[in-house]
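Reminder that position 169 of the sequence shown reads as 169 in my numbering, one-by-one numbering, no gaps.
Hints listed in this document are in silico derivations from the structure and should not be mistaken for laboratory results.
It is possible that part of the hints are untrue.
[What the hints assert, rightly or not] In the DMTMM-like style, the derived pairs of lysine to aspartate or glutamate whose C-alpha atoms are separated by at most 20 Å in a straight line are:
(1) LYS219 - GLU187
(2) LYS251 - GLU75
(3) LYS219 - ASP76
(4) LYS211 - GLU160
(5) LYS219 - ASP232
(6) LYS279 - GLU269
(7) LYS279 - GLU130
(8) LYS251 - GLU130
(9) LYS211 - GLU269
(10) LYS219 - GLU159
(11) LYS251 - GLU269
(12) LYS219 - GLU244
(13) LYS279 - ASP202
(14) LYS219 - GLU269
(15) LYS251 - GLU132
(16) LYS251 - GLU133
(17) LYS251 - ASP106
(18) LYS279 - GLU56
(19) LYS251 - ASP76
(20) LYS279 - GLU75
(21) LYS219 - ASP169
(22) LYS211 - ASP232
(23) LYS219 - ASP183
(24) LYS251 - ASP274
(25) LYS251 - GLU78
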Amino acid sequence: MIITRRQFIPLAAGAAAAAFGIAGCSNDTAATTGSTPADTGSAAETSGDGEMMLFEEGKLTFATSPDYPPFENLEDGEYVGLDMDLGRAVAEHLGLECVYTNIDFDGIIPAIVAGGQADAGLSGISITPEREEQVLFSDPYYIDNQAVAVMSDNTAITEENASEALNADTVTIAVQSGSTGADFAAENFPNAEQLPFPNFTDAFAAVQAGKADAVCGNKAVVDQMLAGAYSDEHTVLTSATGEEYAIAVSKDNPALVDAINEAIAALTEDGTLDEIIAKNMG
């Protein structure tokens with residue numbers, strides 16, 4: 001057995017179509033529920049086209065920041081959302097147990113680079129050139145855009161004047177640290193002040209509390225927030241940025257990306273990915 005500096009367990013990777021049984025996902029502190037894979041040799045282990053490294057044998061551990069519905073959220077201690085369902089489906093296809101561990105969003109990429117906490121990052125992560133310098137990305141599984149919301153009674157920033165009004169030095173825009181929403185706001189509204197938060201929900205709360213004038217982030221998430229607890233805010237600007245969401249993996253672990261891509265392709269072909277998207281985006 002090879003032990004790398006990341007203390008990952010190497011497994012043979014390759015065709016993973018014949019997956020064995022799998023439990024659901026657990027978090028990093030709670031006990032795993034459900035049954036374990038029916039055989040100690042998972043599908044990911046049984047066809048040897050290179051070595052795939054796993055943080056913990058028999059498990060696929062994803063780092064996530066569960067504050068980004070409809071992609072990831074915690075409800076009564078359960079991980080729910082599009083990404084969480086996708087992670088479970090990918091792990092099942094590979095014959096591995098799915099595990100989630102909580103990391104603030106802006107710490108996920110550094111954690112994957114450093115190793116020792118998770119095999120991959122799955123948390124509404126858009127592919128960007130800057131991130132591609134640090135990690136490998138799977139094939140994309142969802143495309144999203146950007147949106148900006150303000151309080152519904154805000155008469156200074158409206159749909160008619162948002163592009164100009166948001167770029168004033170008197171405006172504060174709440175964002176999630178390390179997100180493409182923060183990048184979008186910085187690029188398009190450079191005169192405005194940014195107020196970063198580790199959790200996206202805190203950015204919405206800051207607008208309600210009067211600490212920020214607007215919140216900027218991915219449109220699917222903004223829409224979900226406005227349809228839920230933040231119905232007193234509304235969207236004043238959208239931009240078709242066409243961001244591709246993907247799973248982030250260490251550059252030391254290309255065989256894992258290959259295995260994940262194979263799983264995504266299979267889940268796309270059999271309609272599972274469409275079902276996951278429809279379930280969570282409806």
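Status of each hint after checking the structure:
1. LYS219 - GLU187: holds (17 Å)
2. LYS251 - GLU75: violated (33 Å)
3. LYS219 - ASP76: violated (25 Å)
4. LYS211 - GLU160: violated (23 Å)
5. LYS219 - ASP232: The hint holds at about 17 Å.
6. LYS279 - GLU269: holds (17 Å)
7. LYS279 - GLU130: violated (31 Å)
8. LYS251 - GLU130: Status holds; Cα separation ~14 Å.
9. LYS211 - GLU269: violated (46 Å)
10. LYS219 - GLU159: Holds, because 15 Å separates the two Cα atoms, which is no more than 20 Å.
11. LYS251 - GLU269: Violated, because 27 Å separates the two Cα atoms, which is more than 20 Å.
12. LYS219 - GLU244: holds (13 Å)
13. LYS279 - ASP202: Cα-Cα ~26 Å, so violated.
14. LYS219 - GLU269: violated (26 Å)
15. LYS251 - GLU132: holds (9 Å)
16. LYS251 - GLU133: Since the Cα atoms of LYS251 and GLU133 sit roughly 9 Å apart, the hinted pair holds (cutoff 20 Å).
17. LYS251 - ASP106: holds (18 Å)
18. LYS279 - GLU56: violated (30 Å)
19. LYS251 - ASP76: violated (35 Å)
20. LYS279 - GLU75: Within the cut-off at roughly 16 Å; holds.
21. LYS219 - ASP169: Roughly 24 Å separates the two Cα atoms, so the pair is violated.
22. LYS211 - ASP232: holds (15 Å)
23. LYS219 - ASP183: OK: LYS219 and ASP183 at ~14 Å, within 20 Å.
24. LYS251 - ASP274: Violated. LYS251 to ASP274 sits at ~29 Å, over the 20 Å cutoff.
25. LYS251 - GLU78: Since the Cα atoms of LYS251 and GLU78 sit roughly 30 Å apart, the hinted pair is violated (cutoff 20 Å).
Violation of the numbered hints given earlier is confined to hints 2, 3, 4, 7, 9, 11, 13, 14, 18, 19, 21, 24 and 25; the remaining hints are satisfied by the structure.
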